[in-house]
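Visitor: One-letter residues, chain by chain:
4 protein chains.
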Amino acid sequence: MFNLGNLLQLTTFGESHGAAIGGVLQNFPAGITLDLQAVQKELDRRKPGQSPLVTQRKESDRVSFLSGIFEGKSTGMPIGFLIENDNHKSKDYEHLKDNFRPSHADFTYQQKFGIRDYNGGGRSSARETANWVVGGALARQILPENIEINAYVSSVGDIFCMKPYQDLDFNLTDTNAVRCPDIETAQKMMEKIKSIKKEGNTIGGTITCVIKNVPIGIGEPVFGKLQAELGKAMLSINACKGFEYGSGFCGAKMTGKEHNDLFNADFSTKTNLSGGIQGGISNGMDIYFRVAFKPVATLLQPQESFDVEGNPIALEGKGRHDPCVVPRAVPIVENLAAFVLADLYLVHQTRKNKF
Amino acid sequence: MFNLGNLLQLTTFGESHGAAIGGVLQNFPAGITLDLQAVQKELDRRKPGQSPLVTQRKESDRVSFLSGIFEGKSTGMPIGFLIENDNHKSKDYEHLKDNFRPSHADFTYQQKFGIRDYNGGGRSSARETANWVVGGALARQILPENIEINAYVSSVGDIFCMKPYQDLDFNLTDTNAVRCPDIETAQKMMEKIKSIKKEGNTIGGTITCVIKNVPIGIGEPVFGKLQAELGKAMLSINACKGFEYGSGFCGAKMTGKEHNDLFNADFSTKTNLSGGIQGGISNGMDIYFRVAFKPVATLLQPQESFDVEGNPIALEGKGRHDPCVVPRAVPIVENLAAFVLADLYLVHQTRKNKF
Amino acid sequence: MFNLGNLLQLTTFGESHGAAIGGVLQNFPAGITLDLQAVQKELDRRKPGQSPLVTQRKESDRVSFLSGIFEGKSTGMPIGFLIENDNHKSKDYEHLKDNFRPSHADFTYQQKFGIRDYNGGGRSSARETANWVVGGALARQILPENIEINAYVSSVGDIFCMKPYQDLDFNLTDTNAVRCPDIETAQKMMEKIKSIKKEGNTIGGTITCVIKNVPIGIGEPVFGKLQAELGKAMLSINACKGFEYGSGFCGAKMTGKEHNDLFNADFSTKTNLSGGIQGGISNGMDIYFRVAFKPVATLLQPQESFDVEGNPIALEGKGRHDPCVVPRAVPIVENLAAFVLADLYLVHQTRKNKF
Amino acid sequence: MFNLGNLLQLTTFGESHGAAIGGVLQNFPAGITLDLQAVQKELDRRKPGQSPLVTQRKESDRVSFLSGIFEGKSTGMPIGFLIENDNHKSKDYEHLKDNFRPSHADFTYQQKFGIRDYNGGGRSSARETANWVVGGALARQILPENIEINAYVSSVGDIFCMKPYQDLDFNLTDTNAVRCPDIETAQKMMEKIKSIKKEGNTIGGTITCVIKNVPIGIGEPVFGKLQAELGKAMLSINACKGFEYGSGFCGAKMTGKEHNDLFNADFSTKTNLSGGIQGGISNGMDIYFRVAFKPVATLLQPQESFDVEGNPIALEGKGRHDPCVVPRAVPIVENLAAFVLADLYLVHQTRKNKF
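Each protein sequence line maps, in turn, to chains A, B, C and D. Using the working numbering, you'd call the opening residue of the first sequence number 1 and step up by one each time. Using the working numbering, you'd call the opening residue of the second sequence number 1 and step up by one each time. Using the working numbering, you'd call the opening residue of the third sequence number 1 and step up by one each time. Using the working numbering, you'd call the opening residue of the fourth sequence number 1 and step up by one each time.
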């Protein structure tokens, strides 16, 4: 209960400023030659301090694998892994012991559990997503090699990448700090973030993810629909406020005649407003979805708040925080998507009588 | 695996044109005096044929309860229930045996499973949602009585209900066929649907759901966030293309200064862009979210398609279909939301040391 | 939570004297041609009234399938099924409303839930096992055809079948009312049960189950060991008091030199004290285990007890009860074993990289 | 899937000779003041090298806690923990690369997964049970303080502790190396083990566990019976061959008149052949059960076997192995029992309408 995945299962632990975070990846098939460098590379894409646009916190984010791997291959046993927290600056957070930051989890954790580790947000910190990147980057290695999963920043504030994803070269995504493959738009986004940062303010954005070459048949018919599993995973990311796939919210404005994806003779479809999923199951067309992220709640400018006793205070973010989460969330979205696909892909192996 | 809920668990079965659909609701607390009329009333709100706006299929949709209830109270045992399908018209569907309807699950089911019950869409039919309404309407009776769950149609095509939900009287929602509490807008929506229907076309729409008086503390910190569980449930509804809560996709355009919900001295918040959830856990403010539905795929006008052998054919919907799903989806959204809340509410009883 | 199985999942409902019992079998692979007569035949083996040795209650125990089957084949959708209770004699049980029968679940249900359906034991009745037989008899059809599952009564009271299972002809099991394939011993067992029945008393017994031709590799290494899953299933049967496999409790008296199963050159083993399972995983040798059942608690002779207010009363079983459960438990043991194997067999399809 | 527990959930990882073993304990209630010394103490009871009767391997078995604990209290977040393997002697095991030891998991792992970590048995090693002791010793701290869980060695080979548990002083259990509280019998057991060890042989035994003061109502009615959950946990322990509770296999020889536990006026029972559980639910009487362990398979004398190519070889155990597992299994049994109880205890908090 409360793990990621159904058959392939990721269980995680760890607070932002504890000794380490980590997890256990269970029911991973045996005999897969693992590329652990690829896992670390995904972690590196997520880690702070990569560009002036993101937080300058130093986290080395080295993952170590403790089990389930033998002579470079998965053994089918649980893969335990650990990421040490090498940058505890707990004194940065002592002022939060008796205070609740606006739009953070401080208040709800305190109320729900009666206790909370207030250092760096404790368990509510997005540091947890490093665990998901590890799990997802391993899970990706279960999938057929030709599956391509590409996410990119499709908007920052009111600056949108207006090109359809088909016109983008995903090789360009990581060439700029904001991770938008449309270089002109990327430039505007980066300027926006810099100016917002200068104000001590933050800004929201969206990420679009495109998955190509998914085999037909991934996803379960009722509870376990591919879009529902993807949506749940994305809505678990800190700061995520919305998920849409295929035509999404725009589809709600359309008529059936406009929206229906007519078949070609090979049962590919002429259009793809379905977003590659029909009846919860992949149809072989591109899967694409969009995820909305709110602006980071920690501001480097004073905000009115109250302490636990209800006295008015002025809170000001200390430490090093992201002015905009979306650039660093790109690998999180991609690797979560890989995880969801791999989980349902394994389940799919059992759904047809072929034994 | 692949049930609805974590601790409170709904397992369902049934095809659109089989003998019956039904389900089992497990881990329901004992000793709750059940209002079974209220359950039937929710089912009646979902059933077809209620207005000229929706399909004229006749389904009596009477639920019968087979277990878990004794002298009007829950016994803690699984509640088995059954809804007979009294309107099998299988001959309506024989033409689908060898054909795949555009934007339906026909093709993906056939590919995934190598076999499908093509009558009325079989398991892929939205008839399944009747089971969810039963489960949700029972689950609602676990929740504190003062919780109010109100969904309404907030758009049909490009006609939007522009009033904020705070200005709406939810008592008006069920007074019109489209289930929009803003009467003037409702009128326009109904006209839109009628004209679309006349063309043999269909149209999409959105539903907004508002939940008041949720106790603080519902939802789990990482996997099991309240928004993720709500999102997953909504994205499981047939035709759903998107989910957003609180500020949603609009929040992605905002700055932190605009978006943060400052506290009042009693730890309610001055604004509520968070949508009543912070860090995955309810904060006591209104929870609100919006769900997008694509237009129904079955058109009463010819569409090009291909049969299983790849020969071009013209398909035209037969039978009685909804021109727009959103009016009938309102009780589905409400009851699914109730289910998700009740599940996490039960879990919450175990999260703090109070035994 | 609280279903039977991990991937293949049986969810059940129903009280002994409600309208019906039934269940939902999920994640059943598509495309299997189902022998539904075989399922009914297993149910018939379990049903009461088959011989003078067992209860003379009349239960027709006809199972009807409501979903998941199309033109004789599984579709991969949940299989819903129902067994009507055609023999409600609720007035037989009114005396139990305020009384607790010794060694029954009356007292614990009342204390745990604060409410109970006292008719025929409600949910605590062994009638529930009819659901398991249906689930198991379907699950058996997932397994390779050459797997043979044979259970038989290996003791009644102090009368033991002393022959090793290798010397028994399982075709004889169902030729006598007590279901012991050693005819001479069967005779003694039947006489024992008749004499016990005449006294209004009951008697316990054991069942041995032998499974041949299980492929190597079924079972999971740590949580999900084959013996643990079998043991859990068997210990869920009403009246079950113990489970042992392979050498069992006798093995605890032995030395390693005596107990180790040395290999043959083909990696079969010379002996099989392991009972076909090593490290939680089948090794291709016969799996065998033994299950202990206590005597039925309902006696047709007066017993001292107390009513809910603590007043002393004399309770005497009414209705028609089994003097000994083991003959009817034989198909329950076999079909539960089939279920456990099929569940872990499906899981096994995902454990090695062969996609 | 394949974790320990239902609501309270332990996920583990680790091979015998990897860098570390460890686990994640999820859904642990917040606000419990944790006695971490008590956890270490239980681990110390399990660790090797404590007496001449057990293996002389040196494992320091220090557990470190990485999350979920703040200022000495549980926070409700997952508790991650690690036990480093400080005694890798991998060269001891190189001879096993191409060989399968009789009655070990070497062969089944290799066949199932196509790959195995052969060092020290890898994941199949009983070292994993150290993780369970940690999980169980934490879980115990959820339970009401007056619950007493006492296991002891009740037989070694054919030497049995003949006294009923009621006549034993559990304070004496840990005063001798074999962990039998009947000192005279303990003496005989220890001599037996010493003589067996001298031969390079091993011997089996049984453990009895007694749990006092369990509140009435723990356990679920059908899938989730207390005895089934206890049985499953025990049958997961390496070398376990059988489980019985209450009257167990002896109960199968008895009549109903002998076996029924008549009530006292306060609804305690005059006898307790039920073993404290009726209908799967605790009735407030002592819970007691017995677990059978086969002799350790690794012998320090030559055994015939075959290498992977089918060539005959003589295998002789190297390294340091237990001549008898039961003394060290006592804390494993106790802590697993605590885990099962705590899990079902938490579930029980949600089963009655009291919110």
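Just so you know, the hints here were simulated from the structure itself, not pulled from any lab data. Be a bit skeptical, because a hint or two may be false.
Identical copies carry no separate label here, and so any pair may be met within one copy or between two of them.
[Claimed, not checked] Derived SDA-like pairs (lysine to any residue); straight-line CA-CA distance at most 20 Å:
{"no.": "1", "residue 1": "58", "residue 2": "177"}
{"no.": "2", "residue 1": "352", "residue 2": "306"}
{"no.": "3", "residue 1": "192", "residue 2": "301"}
{"no.": "4", "residue 1": "192", "residue 2": "150"}
{"no.": "5", "residue 1": "41", "residue 2": "84"}
{"no.": "6", "residue 1": "257", "residue 2": "312"}
Visitor: Each of the hints needs a verdict: does it hold here or not?
Guide: Here is what the structure says about each hint:
When the C-alpha separation of residue 58 and residue 177 is checked against a cutoff of 20 Å, the pair qualifies only within one copy, where the shortest distance is 17 Å, while the shortest distance between copies is 51 Å. In this assembly of identical chains, residue 352 and residue 306 lie within 20 Å of each other by CA distance neither inside one copy nor across copies; the values are 58 Å within and 25 Å between. For the identical chains of this complex, residue 192 and residue 301 are intra-copy neighbours only, at 18 Å inside a copy versus 48 Å across copies, given an alpha-carbon limit of 20 Å. For the homomeric pair residue 192 and residue 150, neither the shortest alpha-carbon distance inside one copy (24 Å) nor that between copies (39 Å) is at most 20 Å.
Taking CA atoms no more than 20 Å apart as the test, residue 41 paired with residue 84 passes inside one copy only; the shortest distance there is 16 Å, against 27 Å between copies. Proximity of residue 257 and residue 312 under a CA criterion of 20 Å is satisfied inter-copy only: 18 Å between copies versus 57 Å inside one chain copy.
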